[in-house]
Amino acid sequence: MKELVIISGKGGTGKTTLTASFAALAENKIICDCDVDAANLFLLLDPKVKKEEEIFTQKIAYIDEDKCTKCGICEENCRFNAISNFKVEEIKCEGCGVCEFVCPEEAILLKDVATGRIITADTRYGPFFYGILYAGAGTTGKLVTEIRRKAFNLSAEENNDLIIIDGSPGIGCPVIASITGSDVALIVTEPTLSGEHDLGRIAKLTKHFNVKTFVCINKFDINPEVTERIENWCVNEDIIIAGKIPYDPIVTQAMLKAKPVVDFVDNKVTDEIKKIWEVLLNQEK
Amino acid sequence: MIISIASGKGGTGKTTIATSLALSLKDVQFIDSDVEEPNAHIFIKPIIESVEEVNVLIPEVDYQSCDFCGECANFCQFNAIAVFKEQVLIFSELCHNCGGCEIVCPNDAISEYEKSIGKIERGKADEIEFLHGVLDIAQLSAVPVIKRLKNYIQEDKTVIIDSPPGTSCTMIESIEGSDYCILVTEPTPFGLNDLNLAVSVLKKMNIKHGVVINQSDLGDKRVGEYCRDNRIDILMEIPFMREIAEAYSRGESLISVMPEYEARFRKMYKVIEDKTKVHG
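Order-wise, the sequence lines are chains A and B.
So for the first sequence, the numbering used here puts the first residue at 2; every next one is plus one.
So for the second sequence, the numbering used here puts the first residue at 2; every next one is plus one.
No lab work stands behind these hints: they were computed from the structure.
Careful: at least some of the hints might be erroneous.
To be verified - Derived PhoX-like pairs (lysine-lysine); straight-line CA-CA distance at most 20 Å: (1) Lys125(B) with Lys158(B); (2) Lys60(A) with Lys205(B); (3) Lys88(A) with Lys205(B); (4) Lys268(B) with Lys209(B); (5) Lys112(A) with Lys49(A); (6) Lys151(B) with Lys93(A).
Unchecked claim - Per the computed footprint, the stretches of chain A lying under chain B, defined by three or more beta-carbons under 8 Å from a beta-carbon of chain B, are: (7) 94-103; (8) 116-130.
To be verified - Part of the chain A face toward chain B, derived, beta carbon under 8 Å: (9) Thr14; (10) Thr181; (11) Ser183; (12) Val185; (13) Val280.
Each residue gets a CB set at the ideal place from its N, CA and C atoms; glycine is no exception.
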């Protein structure tokens, strides 16, 4: 079993569009959406939900008003400015427990709070796990780790060859949680100065974690000059370009019809996506 | 007035809207708080005048005083400390810098030292006062960098904050305290799904908000209907134009290729100004 994670640094470059197409092309795999604070892959996979579990990955302090003597020691010791007027601002509380420890009246308790749900589903492409973070909840990394753990366990039971993971934008906690220990990362970028800048940072991250990295340039014809620069940069960095996808509004049309683009149309875009999939598959062997 | 620009979904045009608004209004303070992948400098082109490190406090153990009792590891909610027979391991990347271990240690064996996790760069582009943060590679949490950036907010100015995508802690830290939040979306199922998530965060935080629909002619009508049903103002709609996409790819701002948008952004600012005045 291998884990392939699709990431981008910059948002909106086409991660989910590609992941959905890979889900349609791959055999004997499990699909995960680890972009837990803006999960979209389910919109293209028409999942039949089998199980929904609430998860509690965060703690928040609660002050018992009856016991509180308003001494203010908790507020003084909170580094997150999460306590004011003897009330906890939930959105700022990190659940560290300092207030609970310092309170002389034992008026503060840490309580587990639900931070999101993990959904186990079946799709016509195979088993699918995705997470939904509740509005304003933290600990995205823990939710990502939990989704990957579920996929890993299932793959061990059912002898799947591959886990395909749709990642988040950025380079922070949820991205790190989705790439650590993965076998292959595909970075989806676009030929814009922003895309180029962000590619440089995310590629450093995959290198740091020793994940074998491929790059795909989406909408490559929007700026051939930047595309060429990205290609040269990848050669220098020893990163393989898995493919270059042309700009085509049909990709948006496929999304509007809630379908992976390879199941919607046969054209230059889907030929290239299939080629990219072959490149990723062949390196597996 | 503080205006933040956010979106659930990435790549919808936050930075395009934020930089165009700043370049249209001219005399503003601009803060790029997408410290994982900052891009606004590409369009605003500031001259950076100062750089400072962002440090967080990480515990260290004085082995002269430590008796390996394990209280610190027991207390730490983030599993950032492990205590063995003759060794204490501290995983600084997991540490939330709460200071709890230092407080609970019965032997005063823990102190804190400053560790850099990123930097803040400040500069100017004409009248725009520019700041952005850059998180170091392989650092988990961008929140301390965003917090530090926000210490520089000048309340007497119009402040424009370009937020990271998503709806989790980095986005919340960025928009917290804003008078108004502009949500940038696209009229697709992804755009709508993530807009709805972002709106629920803003409602929870009690921040006034409106929507800009980018590439407004490339999708369907559902985002427009959603806004009408939920009484959310649509502040602007920008159709897809290949020349806008190409200019963006070269790092040119929207208003440099479409100067007529300058007046539209100024007008949008007036609308936001009125909206924030209505109820104080």
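Evaluated hints:
A hinted pair counts as satisfied when its Cα atoms are at most 20 Å apart, and Lys125(B) with Lys158(B) qualifies at roughly 15 Å. Note on Lys60(A) and Lys205(B): the hinted pairing holds, with a Cα-Cα distance of about 19 Å set against a maximum of 20 Å. Our distance criterion of 20 Å between C-alpha atoms is met by Lys88(A) and Lys205(B), whose separation comes to about 17 Å. Proposed proximity of Lys268(B) and Lys209(B) is supported: the alpha carbons are some 18 Å apart, at most 20 Å.
Simply put, Lys112(A) and Lys49(A) have alpha-carbon atoms about 33 Å apart, too far for the 20 Å limit, and the pair is violated. Between the alpha carbons of Lys151(B) and Lys93(A) the distance comes to roughly 15 Å, so the proposed pair stays at or under 20 Å and holds. With 7 residues having a beta carbon nearer than 8 Å to a beta carbon of chain B, the segment 94-103 of chain A meets the requirement of three or more and the stated coverage holds. Given as covered by chain B, the segment 116-130 of chain A fails the check, having 0 residues with a CB less than 8 Å from a CB of that chain where 3 are the minimum.
With 8 Å as the threshold, the beta carbon of Thr14(A) comes within range of chain B, its nearest partner Cβ sitting at about 6 Å, so the hint holds. Annotation: interface hint on Thr181(A) violated; nearest CB of chain B at approximately 10 Å, more than 8 Å. Against a cut-off of 8 Å between C-beta atoms, the interface hint on Ser183(A) is violated, since the closest Cβ of chain B lies about 15 Å away. With a least beta-carbon distance of about 19 Å to chain B, the hint placing Val185(A) at the interface is violated under the 8 Å criterion.
Evaluation of the Val280(A) hint against chain B yields a violated restraint, the C-beta minimum of about 24 Å exceeding 8 Å.
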